[in-house]
Structure formats: C-alpha cells, structure tokens
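Note that full-length UniProt numbering gives residue 284 to position 284 of the sequence shown, counting from 1, and the numbers run on in steps of one.
Just so you know, these hints were derived from the structure itself, not from any lab.
None of the hints are false.
Below, in silico cross-link-like pairs of lysine to any residue (SDA-like), each with a Cα-Cα straight-line distance of 25 Å or less:
| # | residue 1 | residue 2 |
| --- | --- | --- |
| 1 | Lys281 | Pro154 |
| 2 | Lys35 | Leu66 |
| 3 | Lys24 | Asp8 |
| 4 | Lys235 | Ser88 |
| 5 | Lys264 | Gly391 |
| 6 | Lys35 | Gln170 |
| 7 | Lys299 | His441 |
| 8 | Lys299 | Ala350 |
Simulated restraints, written as ranges between beta carbons of each label pair:
| # | residue 1 | residue 2 | range |
| --- | --- | --- | --- |
| 9 | Gly150 | Glu27 | 45 to 55 Å |
| 10 | Ala175 | Lys235 | 45 to 55 Å |
| 11 | Ala237 | Gly149 | 23 to 33 Å |
| 12 | Arg118 | Ala263 | 29 to 39 Å |
| 13 | Gly21 | Glu380 | 15 to 25 Å |
| 14 | Pro359 | Asp442 | 24 to 34 Å |
Using N, Cα and C, we set each Cβ at its ideal position, and we do this for glycine too.
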Amino acid sequence: MSSQYDADSLHRTVKRLIDSGQAKSFEEAHEIAQKYQLQLELTAPADFHEQVAALAVVMLGRRAFLGGVSVSGCGEATLHPSLGSGQSLADALHEAGATLADAVAGRPTIAIGGVRERSAPFHVRLLMSGWRAGTAPADEPNSMDDEAGGYVMPLTAVAAAAIAVSQAFQHVSDAAPTGYEPVGISLWAPAEVAWELRDFDGPVLQVLPSSAWLLGLGHLGQAFAWCLSLLPYPKDAPEPPHVLLQDVDRVGVSTESTSVLTAKLDKGRRKTRVVAEWLEKRGFSTAIVERYFDGETRKGQGEPSLLFCGVDNPEARRALDNAEVSFIVEAGLGSRHDDFQSVRVHTFPASRTTAQTWPRRPPNEPVIEGLYADLLEKGELGRCGVVELAGKAVGAAFVGAFAAALCVSEALRVLHGSASSEVLDADMFALKFRSVVINEHDFAALNPGFIAVR
1 MSSQYDADSL HRTVKRLIDS GQAKSFEEAH EIAQKYQLQL ELTAPADFHE QVAALAVVML
61 GRRAFLGGVS VSGCGEATLH PSLGSGQSLA DALHEAGATL ADAVAGRPTI AIGGVRERSA
121 PFHVRLLMSG WRAGTAPADE PNSMDDEAGG YVMPLTAVAA AAIAVSQAFQ HVSDAAPTGY
181 EPVGISLWAP AEVAWELRDF DGPVLQVLPS SAWLLGLGHL GQAFAWCLSL LPYPKDAPEP
241 PHVLLQDVDR VGVSTESTSV LTAKLDKGRR KTRVVAEWLE KRGFSTAIVE RYFDGETRKG
301 QGEPSLLFCG VDNPEARRAL DNAEVSFIVE AGLGSRHDDF QSVRVHTFPA SRTTAQTWPR
361 RPPNEPVIEG LYADLLEKGE LGRCGVVELA GKAVGAAFVG AFAAALCVSE ALRVLHGSAS
421 SEVLDADMFA LKFRSVVINE HDFAALNPGF IAVR
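Let the hints inform the model, and build the full structure from the sequences given.
Structure (structure tokens):
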C-alpha cells in the first residue's frame, strides 16, 4: 500500500482538505497545506503567561500551518524559570518548531502585547486577564487593556493562543473574515457572552489537584497533561503532583499532527511512556496503566479520584461511572471536516449517568464518496482500506488544547467553590454561540486531594 493511503500516516488536519472537497488528491491537499503560514509578533515578553501563550501559538500553529510559524520580537528575553532554566525564549520557541525571522507584511499574524498598527488582513492580539481569554483586532484598544500587568491564570494563555490559532486557520483555510471583533471566553464563567467584563473573572488559584487520572493519551489526553504541567505547583511540596496515565496505543506517524507532546522521534513508542517522561521532567510522579478501560475498571486504593477522559470510545465513556472516582471531566471533539472545531464537555456526577449520556447505538459507517470512492472504483485500495481511511477523524491540535483548558478549568472551579458545567458545547469557529448547562450536583463535600499554592 502506498504510504499516502496509510490511514495511520494521514495528517489529521490535512485530511480536512480531502473530506471537504477542497483537494482532489492527497498530493494536492499537502500542497495547499504547505502554503498555510503564520507569524507570531512579540515584544521581548518576560511574563510567564505571555511566554506560555507564545509557546502555545507555536506548538499549535505548526501542526496546522504546514508552511511554518515564524516569530519576531523575542529580543533578549530569557525563558521563565517555571518553563525551563538557562535558555532563551528564542531558543525555546525554535525547539517548539518556530523559525526566527523578521515580520513579513501581509502574512497572517498573532501578536502578544498592546495595540499596534495592522500589517495584514488577519492581525489579532491576545487578550489575557485572570480567567478571561480571547483575541482582539491588533489595531483596536480593549477594556481589558486596563488590566495589563495583573494576575493571569495559566490556562488563560493556552485558551487565548488556541482561539487565535483557530481564527487564523479559519482565515487561511476558508477565506473567512476573522479577526475583526473581540472573541473569547471566561474559563471561570464560560456561559457568559460578556466574557471581557471583570464581573465574570475568577480568583487567584489557591489549591490545585494533588493527583489526576488521564484516560486516553492522544489528542486530548496530551493536552490535559500539558495544561496540568502549567499550573503553579510548589516545587517544595511534601509530595509531587501525581498522574495516572492510561492508554494502550503506540505513537503513529499521524499522532504528532494533533498531539502536542509528541515528536516525530517518538514513533513506535507507547503513548503512556512519552507522556510520563514529559511530566516527570516537570516534577510530576506518574503511574502507567497499559490496558483497556472497561466496565470492570475501578479506582484502586490511593489512586486519583479526579478523572479526565479524552477517549473517543462510547463503550469506555459509558463505563466511566463504574470507575468509582469522585469527579469526572469528559471531552469529545468533532471528527468531520465541517465539525472538527466543535467541543463538548461533560462533568459527572450529574443529572444523568454516563450510561444514560451515551446509550448503546450501532456504530456509524463512514460515507464513501469523493476521493475515497475514486480509490475504491479504480482498485487503488480495497474496501477495508478505504473504510479505514475515510473513517479517520479530522482533527487540529488547537481544538484539543482549547478543550483541555476548558476541562482542567472545570476541575479548578469546583476546587475553588464554584459550579461545573454539566454540558458545555462550543464551536471554535462561532465561539460566541456556545451553550452551557450548569451541573446542579452538590460538590461542597468533594475533596479529590489538593496541594495548596504558595
């Protein structure tokens, strides 16, 4: 079989061009994607949240913009001690996949910092304050500018970067007129449309989960791990934060296209080992489970009672209640070319059980049309191969990162005495039309274990 027809080698974001009909062949799809370019405009950022956002733009951007992400304005900034030691920000961005170069007028641009002259049809700057994350046109002031220099919850930087990369991608891939109005969300009050107002901000983080169970270590699971690693865990805590990692898969060629902790050199390694190594370098302790999650899987003594689920498997989702943990945050992403940017988040316990939320249904067969039908008709690929290829999900790393920021924030809100979202639906291409159903379960007595922030 030609490698271009290998389902496990197919770049999940490039696949959108095939499935939408924008490209008539795999070669054409890659040629189009190679023309997608993005640039990041900095002003020697020293603050932790600005550097997190810069790294996030590069990590997420390079996986969707195959023509590359270039960065200007690093200056002499050194990497924040919480992100590394003895390294310049420029070197860290280069290692993350960026090219260091002067800004090019007209190229889609994301800026971190204050108001500036617009230099491209798509030119936005990040808005980050407290738990509020978003973007604004680069040349327009915003009420959140008055809060510059104040507290920024770390996941705000991830969410803002993901929103910006999403807008840029929609601009280049769909010729959409994005970036001409503020767009964002409050991670403390995600239902609120007026997300920019201080009324919908949250508190400075006081406590963090002492342990977590990550079920599934692909697109979403790796983004969960990344978000947890950015939280301000004290280095001198009696016990390090602990993560239980559960997955059965190995890294494939396509894994890197959506999974933020995976590099090309990881091909063939078990995902549990890749993520464990990454977390342990950042001060976490880990445990590995390399077996399937099913209705018989239970939390063991001393294991985490906070579970983040990122598996795209209705059988596993249905069995989540059986695990006997205290709090579950589950996320699902769209998988088609026209809904890959969609996110749905659930928390449990809730008004419905996990079995009621995901009732048994026959699996959907992928539609064989367009290029896939041509491959079958010409005999270039057998039916099984065509079905497997067509059935692979379209995905983009910026969607998983945004979902992970939402999910980890759900747990942080509960730990800080607020309500969680029983169901949260969001479309990154139409973020202001999100919907949230508040979880009415009483979590006042919930104590999954915590570490105080000092």
